[in-house]
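Chemist: Protein chains in written order, with the numbering used here: chain C, 5 to 601; chain A, 5 to 601.
Honestly, I wouldn't trust all of these hints.
Copies of the same chain are indistinguishable here, so a pair counts whether it falls within one copy or spans any two.
[To be verified] Think about it this way: if two alpha-carbon atoms lie no more than 30 Å apart in a straight line, the pair counts; the simulated DSS-like pairs of lysine-lysine are:
(1) K470 - K536
(2) K427 - K536
(3) K297 - K136
(4) K136 - K185
(5) K136 - K265
(6) K493 - K297
(7) K444 - K470
(8) K595 - K178
(9) K185 - K106
(10) K185 - K291
(11) K390 - K265
(12) K185 - K107
(13) K64 - K129
(14) K185 - K129
(15) K565 - K596
(16) K561 - K536
(17) K286 - K180
(18) K129 - K592
(19) K81 - K470
(20) K291 - K136
(21) K561 - K576
No lab work stands behind these hints: they were computed from the structure.
2 protein chains.
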Amino acid sequence: MSIYKERIESLIGLMEERGVNYYIVPTADYHNSEYVDNFFKEREWLCGFTGSNGTLVVSKEEQGLWTDGRYFIQAEKELEGSGVTLFRMGNEGVPTIIEYLKKHVKEGDCIGFDGRCVDCAFGQKLETAMLKLGVTLNYELDLPSEIWTDRPSLPKHEVMILDQNVAGVKMSDKMKSVIEKMEEEECDELLISKLDDLMWLLNIRGGDVECNPVALSYGFITKEQMYFFIQDEEITDEFRAYAASNYIVIRGYDEFVPFLKEYEMKDRVMADGSNVSFLIYKLVSEKAEFVDKPNPTELLKAIKSEQEFALMRDFYIKDSVAVTKFIYWLKHNIGKQEITEYSAAMYLDNLRRQIPGFLDLSFPTISAYGENAAMMHYEATETSFKVLEPKNQLLVDSGGQYLGATTDITRTITIGPLDENIKRDYCDVAKGMLALANAKWLYGCSGKNLDILARKPLWDRGMDYKCGTGHGVGYILNVHEGPHNIRWKYNPGQKEAVIEAGMCVTDEPGVYIEGSHGIRIENVLVARNAEKNGDGQFMDFEMLTFTPLDRDALDPKHFTKEELKAVNAYQKSVYEMTKDYLTDDERKWLKKETAEL
Amino acid sequence: MSIYKERIESLIGLMEERGVNYYIVPTADYHNSEYVDNFFKEREWLCGFTGSNGTLVVSKEEQGLWTDGRYFIQAEKELEGSGVTLFRMGNEGVPTIIEYLKKHVKEGDCIGFDGRCVDCAFGQKLETAMLKLGVTLNYELDLPSEIWTDRPSLPKHEVMILDQNVAGVKMSDKMKSVIEKMEEEECDELLISKLDDLMWLLNIRGGDVECNPVALSYGFITKEQMYFFIQDEEITDEFRAYAASNYIVIRGYDEFVPFLKEYEMKDRVMADGSNVSFLIYKLVSEKAEFVDKPNPTELLKAIKSEQEFALMRDFYIKDSVAVTKFIYWLKHNIGKQEITEYSAAMYLDNLRRQIPGFLDLSFPTISAYGENAAMMHYEATETSFKVLEPKNQLLVDSGGQYLGATTDITRTITIGPLDENIKRDYCDVAKGMLALANAKWLYGCSGKNLDILARKPLWDRGMDYKCGTGHGVGYILNVHEGPHNIRWKYNPGQKEAVIEAGMCVTDEPGVYIEGSHGIRIENVLVARNAEKNGDGQFMDFEMLTFTPLDRDALDPKHFTKEELKAVNAYQKSVYEMTKDYLTDDERKWLKKETAEL
Numbered sequence: 005m006s007i008y009k010e011r012i013e014s015l016i017g018l019m020e021e022r023g024v025n026y027y028i029v030p031t032a033d034y035h036n037s038e039y040v041d042n043f044f045k046e047r048e049w050l051c052g053f054t055g056s057n058g059t060l061v062v063s064k065e066e067q068g069l070w071t072d073g074r075y076f077i078q079a080e081k082e083l084e085g086s087g088v089t090l091f092r093m094g095n096e097g098v099p100t101i102i103e104y105l106k107k108h109v110k111e112g113d114c115i116g117f118d119g120r121c122v123d124c125a126f127g128q129k130l131e132t133a134m135l136k137l138g139v140t141l142n143y144e145l146d147l148p149s150e151i152w153t154d155r156p157s158l159p160k161h162e163v164m165i166l167d168q169n170v171a172g173v174k175m176s177d178k179m180k181s182v183i184e185k186m187e188e189e190e191c192d193e194l195l196i197s198k199l200d201d202l203m204w205l206l207n208i209r210g211g212d213v214e215c216n217p218v219a220l221s222y223g224f225i226t227k228e229q230m231y232f233f234i235q236d237e238e239i240t241d242e243f244r245a246y247a248a249s250n251y252i253v254i255r256g257y258d259e260f261v262p263f264l265k266e267y268e269m270k271d272r273v274m275a276d277g278s279n280v281s282f283l284i285y286k287l288v289s290e291k292a293e294f295v296d297k298p299n300p301t302e303l304l305k306a307i308k309s310e311q312e313f314a315l316m317r318d319f320y321i322k323d324s325v326a327v328t329k330f331i332y333w334l335k336h337n338i339g340k341q342e343i344t345e346y347s348a349a350m351y352l353d354n355l356r357r358q359i360p361g362f363l364d365l366s367f368p369t370i371s372a373y374g375e376n377a378a379m380m381h382y383e384a385t386e387t388s389f390k391v392l393e394p395k396n397q398l399l400v401d402s403g404g405q406y407l408g409a410t411t412d413i414t415r416t417i418t419i420g421p422l423d424e425n426i427k428r429d430y431c432d433v434a435k436g437m438l439a440l441a442n443a444k445w446l447y448g449c450s451g452k453n454l455d456i457l458a459r460k461p462l463w464d465r466g467m468d469y470k471c472g473t474g475h476g477v478g479y480i481l482n483v484h485e486g487p488h489n490i491r492w493k494y495n496p497g498q499k500e501a502v503i504e505a506g507m508c509v510t511d512e513p514g515v516y517i518e519g520s521h522g523i524r525i526e527n528v529l530v531a532r533n534a535e536k537n538g539d540g541q542f543m544d545f546e547m548l549t550f551t552p553l554d555r556d557a558l559d560p561k562h563f564t565k566e567e568l569k570a571v572n573a574y575q576k577s578v579y580e581m582t583k584d585y586l587t588d589d590e591r592k593w594l595k596k597e598t599a600e601l
Numbered sequence: 005m006s007i008y009k010e011r012i013e014s015l016i017g018l019m020e021e022r023g024v025n026y027y028i029v030p031t032a033d034y035h036n037s038e039y040v041d042n043f044f045k046e047r048e049w050l051c052g053f054t055g056s057n058g059t060l061v062v063s064k065e066e067q068g069l070w071t072d073g074r075y076f077i078q079a080e081k082e083l084e085g086s087g088v089t090l091f092r093m094g095n096e097g098v099p100t101i102i103e104y105l106k107k108h109v110k111e112g113d114c115i116g117f118d119g120r121c122v123d124c125a126f127g128q129k130l131e132t133a134m135l136k137l138g139v140t141l142n143y144e145l146d147l148p149s150e151i152w153t154d155r156p157s158l159p160k161h162e163v164m165i166l167d168q169n170v171a172g173v174k175m176s177d178k179m180k181s182v183i184e185k186m187e188e189e190e191c192d193e194l195l196i197s198k199l200d201d202l203m204w205l206l207n208i209r210g211g212d213v214e215c216n217p218v219a220l221s222y223g224f225i226t227k228e229q230m231y232f233f234i235q236d237e238e239i240t241d242e243f244r245a246y247a248a249s250n251y252i253v254i255r256g257y258d259e260f261v262p263f264l265k266e267y268e269m270k271d272r273v274m275a276d277g278s279n280v281s282f283l284i285y286k287l288v289s290e291k292a293e294f295v296d297k298p299n300p301t302e303l304l305k306a307i308k309s310e311q312e313f314a315l316m317r318d319f320y321i322k323d324s325v326a327v328t329k330f331i332y333w334l335k336h337n338i339g340k341q342e343i344t345e346y347s348a349a350m351y352l353d354n355l356r357r358q359i360p361g362f363l364d365l366s367f368p369t370i371s372a373y374g375e376n377a378a379m380m381h382y383e384a385t386e387t388s389f390k391v392l393e394p395k396n397q398l399l400v401d402s403g404g405q406y407l408g409a410t411t412d413i414t415r416t417i418t419i420g421p422l423d424e425n426i427k428r429d430y431c432d433v434a435k436g437m438l439a440l441a442n443a444k445w446l447y448g449c450s451g452k453n454l455d456i457l458a459r460k461p462l463w464d465r466g467m468d469y470k471c472g473t474g475h476g477v478g479y480i481l482n483v484h485e486g487p488h489n490i491r492w493k494y495n496p497g498q499k500e501a502v503i504e505a506g507m508c509v510t511d512e513p514g515v516y517i518e519g520s521h522g523i524r525i526e527n528v529l530v531a532r533n534a535e536k537n538g539d540g541q542f543m544d545f546e547m548l549t550f551t552p553l554d555r556d557a558l559d560p561k562h563f564t565k566e567e568l569k570a571v572n573a574y575q576k577s578v579y580e581m582t583k584d585y586l587t588d589d590e591r592k593w594l595k596k597e598t599a600e601l
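Chain C on its own, in the form it takes in the complex (with noise of 0.2 Å):
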């Protein structure tokens, strides 16, 4: 019998025992991160399936798991033998899990899940649909526990107080305006469950999440004081004084539920229902008045201050001399030694760590060659990869963490000879990119109105790319930030929010052709204030990002006059920012590399 199998039996023993009978399985820790720890993989080991995004659903007659278009092969393969039935999330006919559980359950059923782990929304949804079929929900269950009995423990890295001249604003001045946005809403009390805003407002960063410097915590913010949940092993004894002399008192990680149903609730507690668990929303709830409302961290985090800018131009620049110093030697390596996807994303990622103040990655890098750029989602590992050839393009998307930025960048680098069609696409996404960097605009605008600047090369020959062009950036923090984006079309639940000075954001227009080839070019930009005068406040962007676009690949007669004028002047940008931290072979090239064309 498969191990998942088993795995699975023995949690409809327990179910049986509880009284269970539909179990849910997602797939999240407690904070809706955007990376999961393996202590939080209870999906992954119940059924064997990897996947970053799927749902398993056990009864006694049936085990369902629900996973996107991205992952229906790989689910295919890694559930053989477990007996787990794929549910292809967006197929026709192919109902959602609320529609499942409508058609199977009976009066008097009961569901159980760990609500720490599941998000508000669904939770809601699911509780509306069951009550009316008298049907009960247990959301303070964590059965996969009582039986993952080699379950690693969760992540325990200490944190880090950040040095006043890399914070930024001190942590004083950052509680006093959220404390201004509490009481805007009337509210006395503000629970945070979100890690990278608690690591914000602290002035801290942990190592508990992959790619994300932050630490497993909670926050409950009274006018008086922060609870601030975190486990023992976390605290340092310099965090200990630092969280005296803040007005911070510390408790356990693991004592978070059971203050939030023993501490007397004011009337109206704001929390941010697109972030909080189900299980804090139900044990608020209960007790008070449940203010969704973004969190005011969110917008305060997304603004950079002067001081984190100096940072973070400094760091940028290296970040982008690091992929220039990759390039010149992919394209000078190619096809002298073996370079596979991996081997170069990890020659690149070595280049990165060797920049003082390199902390992390800022999320796996993506290594994709040829046809595999196409797939927005790939990732090449050390035991699957495709081996480069001296030809067509290599797209490598990347970034690091820094005591002082996160950076984030894309390159569509040629290593031999590429089709004409594909130089075209490469020009027109260039042009795009740079249109958007080169976009002045009057303050009030969301990405929804800057979005066409990037698209409209691509959208006048008739071609789109199936994403936003741009996601904010966060600051020694999460490389996915709101809640700003660029984007042409919202979606139920995403925000549109108006570019305010100081935020980052990325400009990554593409071309993604199945099966033949892909290209992103991907810079960061900040937005910042131009002239104001009785029209009202211009703004515009700066560039952060300094790594040249791919030469090879760049055809003057795809260009207009003006056009060619911008990829020129960012050419030259590219090689005085960067000129000086270069070996005189790197310079030397670079300077033809970015010559006028």
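For chain C, the structure is supplied; the task is to place chain A on it using the hints.
Modeler: For chain A alone, coordinates are given in the frame of chain C:
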């Protein structure tokens, strides 16, 4: 004593008799129409203020008029001697009407107004605020009508049934689509008070509102029949027969309110809260659930049929030709005879009147010379106008109602030497107009996505125009029509609708420099489907307007090669589409005017 003072005193006398402490007189008919017939001008009759926006609030202690920035100077003059205090809306420290009332009312007070003329949102806000203070509303009063002895009667024009080839879609088919929408919303009844929606649905036109070919009426639709409330004098035998064969029950216009009080409504009544009056809202919501949804007619009406387009294309060319002939006349006669803003407008209006099928202007022609063109709401009249000199530019914004189109076009015409900076502004406006007209986009975009294309040449120079870029256009109906538009920013209450194939929209960027000059170029576009592929349904615009851009204001040095190509292509199309409608002299001139730059 001023006549207005007398009238207001009579009103106060009546208020005392009826126990009313505050009486509100807004500026609106019963249908929230853009233009208001003299019958409805109670506010003007009472205080002398003639502006299109203003609300009078009368109490024994004080009489106040609220109006916006456009009218501050005019109101001050017109209110002289009336004893009415001017409240300058939007100025610092000036209370809104509700703030004012909140401050002055006492518990037990009564506020009176004619609920038929007050919009739903204002009425609801007022009611909520006053309820808290123990103040009652009497919204079924029309006190001025009791003292306005020589009040004009309601306009009474016979309705006209559109021939099937003009109407496009049969009334019965339109009704089917409307009932489908009602069913989607699970409503048994639909109330429509918006006049153009009613005309569209019934395939009729009227003559009760200036420039809008609509008849004062109400509609109440059930799944079996439609009650249509209209003045007896407006009904022809033909219409009576037409109604009978289309399940339309005709009732008197003044029977509508009694009908709402007596009729047994079903559970859910659909109505558009942004259009119906406060009285309708109250009467419906007392008896049923008021389901506040856009009129289903709004979107259906906005998407023109192929039959409508066939006629529109033809009339748009004839209308474009009238403006071209006007430009020719103006450029050849300026300096030779006295031409004023007003006489120029009359000349153009007469050219339109000669087009077979002409019904009316679609709005009063705006003819603004030199610095007057910087005022967006400037109107020259028979007694107040500027004499044109052979220099600078005349801005003319005009349109016609035809038996097959409603048109709207603006040209800014050079009639003598022109400053270089004005030329530059003209070129940027032309660029923006053509950039939007030549846009290509994916289905799903709204005007918010596209607006930046028209604004970009100005935004790049730190300039803006303080209005939307475009509005929907009716078909033998109102020149301003929803639900779509082209704007970069949506104020509360403004809809952001996806642009559907078949929607007409104006494209009218501009430059307005106070005290110096104003430029606007306005064409009408139709959205249509372009190619559909794996990336989605692409869309673009068809041009409807063919009147030349002003060669005297176009300087090639302000354009890129590609922009100049767009100008030349448009100019060429103007010549080709219209040359057969011109005299030999006009044609020769147009050939030169549109020759390649």
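Chemist: Have a look at K185 and K129 and pick one of within, between, both or neither, based on CA distance no larger than 30 Å.
Modeler: both (29 Å within a copy, 26 Å between copies)
Chemist: Treating 30 Å as the Cα threshold, decide for K129 and K592: within, between, both or neither.
Modeler: This pair counts as neither: shortest intra-copy Cα distance 61 Å, inter-copy 70 Å.
Chemist: I want to check one pair: K286 and K180. Are their C-alpha atoms no more than 30 Å apart within a copy, between two copies, both, or neither?
Modeler: Within one copy only: 28 Å inside, 46 Å across.
Chemist: Using 30 Å as the alpha-carbon threshold, which applies to K136 and K185: within, between, both, or neither?
Modeler: Between copies only: 27 Å across, 37 Å inside.
Chemist: Reference check for the pair K185 and K291, CA-CA at most 30 Å: within, between, both, or neither?
Modeler: within (22 Å within a copy, 41 Å between copies)
Chemist: Can you tell me if K390 and K265 fall within 30 Å by alpha carbon in one copy, between copies, both or neither?
Modeler: Neither, since 53 Å and 77 Å both go past 30 Å.
Chemist: Given a CA cutoff of 30 Å, do K297 and K136 count as a within-copy pair, a between-copy pair, both, or neither?
Modeler: Both: 28 Å inside a chain and 27 Å across chains, each within 30 Å.
Chemist: When no copy is specified for K185 and K106, does a C-alpha distance of 30 Å or less occur within a copy, between copies, both, or neither?
Modeler: between (40 Å within a copy, 28 Å between copies)
Chemist: I want to check one pair: K444 and K470. Are their C-alpha atoms no more than 30 Å apart within a copy, between two copies, both, or neither?
Modeler: Result: close both inside a copy and across copies, 25 Å intra and 17 Å inter.
Chemist: Given a CA cutoff of 30 Å, do K470 and K536 count as a within-copy pair, a between-copy pair, both, or neither?
Modeler: between (35 Å within a copy, 15 Å between copies)
Chemist: Pop the pair K561 and K536 into one bin, within, between, both or neither, using alpha-carbon distances up to 30 Å.
Modeler: Close across copies (27 Å), not inside one copy (37 Å); limit 30 Å.
Chemist: What label fits K561 with K576 when the C-alpha limit is 30 Å: within, between, both, or neither?
Modeler: Cα proximity of K561 and K576: in one copy and across copies (20 Å, 26 Å).
Of the numbered hints listed earlier, those contradicted by the structure are 8, 11, 18.
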